[in-house]
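Asks: Residue numbers (our numbering), protein chains in the order written: chain G, 192 to 433; chain Z, -19 to 254.
If you're looking for bench data, these hints aren't it; they were derived computationally from the structure.
Check each hint, because a few of them may be wrong.
[What the hints assert, rightly or not] Some chain G residues well away from chain Z (every beta-carbon gap over 10 Å; in silico): (1) GLU205; (2) GLY294; (3) ASP345.
[Claimed, not checked] Once the Cα atoms are required to be at most 25 Å apart in a straight line, the calculated DMTMM-like pairs of lysine to aspartate or glutamate come out as: (4) LYS227/G with ASP345/G; (5) LYS45/Z with GLU329/G; (6) LYS253/G with GLU329/G; (7) LYS326/G with GLU35/Z; (8) LYS21/Z with ASP345/G.
We put the beta carbon where it would ideally sit given N, CA and C, even for glycine.
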Amino acid sequence: MASKQPENSLLGPEADSQRTLYPNVTGTSVVALKYKDGILMAADMGGSYGSTLRYKNVERMKAIGKHSLLGASGEISDFQEILRYLDDLILYDNMWDDGNSLGPKEVHNYLTRLMYNRRNKFNPLWNSLVLGGIKNGEKYLGTVSMIGVNFEDDHVATGFGNHLARPILRQEWHENLSFEDGVRLLEKCMRVLLYRDRSAINKLQIAKITEEGMTISQPYSLKTYWEFSAFENPTQGAVGSW
Amino acid sequence: MFRNQYDTDVTTWSPAGRLFQVEYAMEAVKQGSAAIGLRSKTHVVLGCVNKANSELSSHQKKIFKVDDHIGVAIAGLTADGRVLSRYMRNECINYSFTYESPLPVGRLVVQLADKAQVCTQRSWKRPYGVGLLVAGLDESGAHLYYNCPSGNYFEYQAFAIGSRSQAAKTYLERRFENFTDSSRDDLVKDAIMAIRETLQGETLKSSICTIAVVGVGEPFHILDQGTVQQIIDTFEIVAEQEGPDAAIGQEAAAEGAAADQGGSTDEGVAPMES
Chain G
192 MASKQPENSL
202 LGPEADSQRT
212 LYPNVTGTSV
222 VALKYKDGIL
232 MAADMGGSYG
242 STLRYKNVER
252 MKAIGKHSLL
262 GASGEISDFQ
272 EILRYLDDLI
282 LYDNMWDDGN
292 SLGPKEVHNY
302 LTRLMYNRRN
312 KFNPLWNSLV
322 LGGIKNGEKY
332 LGTVSMIGVN
342 FEDDHVATGF
352 GNHLARPILR
362 QEWHENLSFE
372 DGVRLLEKCM
382 RVLLYRDRSA
392 INKLQIAKIT
402 EEGMTISQPY
412 SLKTYWEFSA
422 FENPTQGAVG
432 SW
Chain Z
-19 MFRNQYDTDV
-9 TTWSPAGRLF
1 QVEYAMEAVK
11 QGSAAIGLRS
21 KTHVVLGCVN
31 KANSELSSHQ
41 KKIFKVDDHI
51 GVAIAGLTAD
61 GRVLSRYMRN
71 ECINYSFTYE
81 SPLPVGRLVV
91 QLADKAQVCT
101 QRSWKRPYGV
111 GLLVAGLDES
121 GAHLYYNCPS
131 GNYFEYQAFA
141 IGSRSQAAKT
151 YLERRFENFT
161 DSSRDDLVKD
171 AIMAIRETLQ
181 GETLKSSICT
191 IAVVGVGEPF
201 HILDQGTVQQ
211 IIDTFEIVAE
221 QEGPDAAIGQ
231 EAAAEGAAAD
241 QGGSTDEGVA
251 PMES
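With the rest of the complex left out, here is chain G (with noise of 0.2 Å):
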């Protein structure tokens, strides 16, 4: 029986090589949170392979333009997919050379178009994405789904972020961080994620973006401690084995 599909359709078996249906080579949780100046954002540098910690050294934050910082979590081809997608938007910007430029919320709003556009193609992008930024003095922080579920708020975190990060940023965070504060907050954040989250990497780099620009720090890990008592001999006291 003939598939009913159309031609150009993405349903059906043999179209599913052509669309996403899984991930392959995936970021873990994006943090960030707005302080006195701008935005602050934490990502490791890793990209797993399914369970394997195989890539050390992949850079999940991106400046956008002069206004703009984004985060990815998720499938990494896919994010250097949309970081073609704004850079070419942020060229066809720059090259009206008019004094007017596109700040966070409206690069917020064009991916929040383009993952929901992609969603209902069936063909996600899979990433959740963070943008964060100010123009004007207005600072934005904002997160975009792969089904194109998107909020702003003050602190946002992405997968295993959002459960263990943003707890402690609920009760931690405030206005008008300092940048110190907010670097402390979010590693405490990156920490707690180090510990409990098996696809975290000890190599993180923080980003801040202000009125001045974006920087991002160099590649760098935190202190651990494991010397917890009940970590020897975890097996003394243990009833029967499996």
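Following the hints, put chain Z in place on chain G, whose structure we already have.
Replies: For chain Z alone, kept in the frame of chain G given last:
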């Protein structure tokens, strides 16, 4: 302008390097009823003269709201103007949907100009026979542009197009240096005065002119007739008429404004009726 052998096609150059069809299209703009625009740093005002064809008909709409921050006044073939307004509204709404931000007027104007240019380079098309005064706001402040059928566009502090626009231009030329710092109300008053210049003696009433404003914190909107008549009254009081006549004239004009559906005739000092 006389007929010649190079004016049949828009895609035919004359030996002097002119495209006559494009120039004829610009003539159509000059024949339309006047439209004027002027801007300050924060506001732009558009005005136009609305003449109804007959006492029985209503006048044509010549000012269109394109978005909260952009409006346009046209002169020439109003049908062409309507089509271009629809294009502009579409562009604005699509941009707003994608970026949740208003389309900068400077970019809309370029898109409009490029659209007009296409019609000057296709043998199966004709140029749009309408001139547009585009008033809008963007990041860099208030702007007024004039879009030609030729596909050119220019930015202005103040401008007038259509028939008898030279009179308005002369008025504006004398005053434009002060417009940048004008208050909104002064700008509106100047717009109405510029319209009056194009009427050349005819009585200025709110029923024959339309004024629209856009500014920082003020979305584009057309002023209602009552408001316009009030402003007219503030400076028409010093007209030739003496005291009592002036009072009757005012009431007649107000009556006319209230009851008007666009079909009122030129009355001067008419006795009022209920």
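Asks: Is the Cβ of GLU205/G more than 10 Å away from each Cβ in chain Z?
Replies: GLU205/G clear of chain Z: closest Cβ-Cβ about 32 Å, beyond 10 Å.
Asks: Over 10 Å from every CB of chain Z: does GLY294/G meet that, or does the non-interface label fail?
Replies: Violated: least Cβ distance 7 Å, not greater than 10 Å.
Asks: Are the Cα atoms of LYS21/Z and ASP345/G separated by 25 Å or less?
Replies: Between LYS21/Z and ASP345/G the Cα gap is close to 34 Å, so the pair fails against 25 Å, i.e. violated.
Asks: Would you mind confirming whether the straight-line C-alpha gap from LYS326/G to GLU35/Z stays at or under 25 Å?
Replies: violated (54 Å)
Asks: Assess, step by step, whether the Cα of LYS253/G is no farther than 25 Å from the Cα of GLU329/G, and give holds or violated.
Replies: holds (20 Å)
Asks: Non-interface claim for ASP345/G: all C-beta distances to chain Z beyond 10 Å?
Replies: It holds; ASP345/G is separated from chain Z by about 19 Å at its closest Cβ, greater than 10 Å.
Asks: Next pair to validate is LYS227/G with ASP345/G; report whether the Cα-Cα distance is within 25 Å.
Replies: Roughly 11 Å between the alpha carbons, so the hint for LYS227/G and ASP345/G holds.
Asks: Holds or violated: are the alpha carbons of LYS45/Z and GLU329/G at most 25 Å from each other?
Replies: The given pair, whose Cα atoms are some 29 Å apart, is violated under the 25 Å limit.
Checked against the numbered hints above, the structure breaks hints 2, 5, 7, 8 and satisfies the rest.
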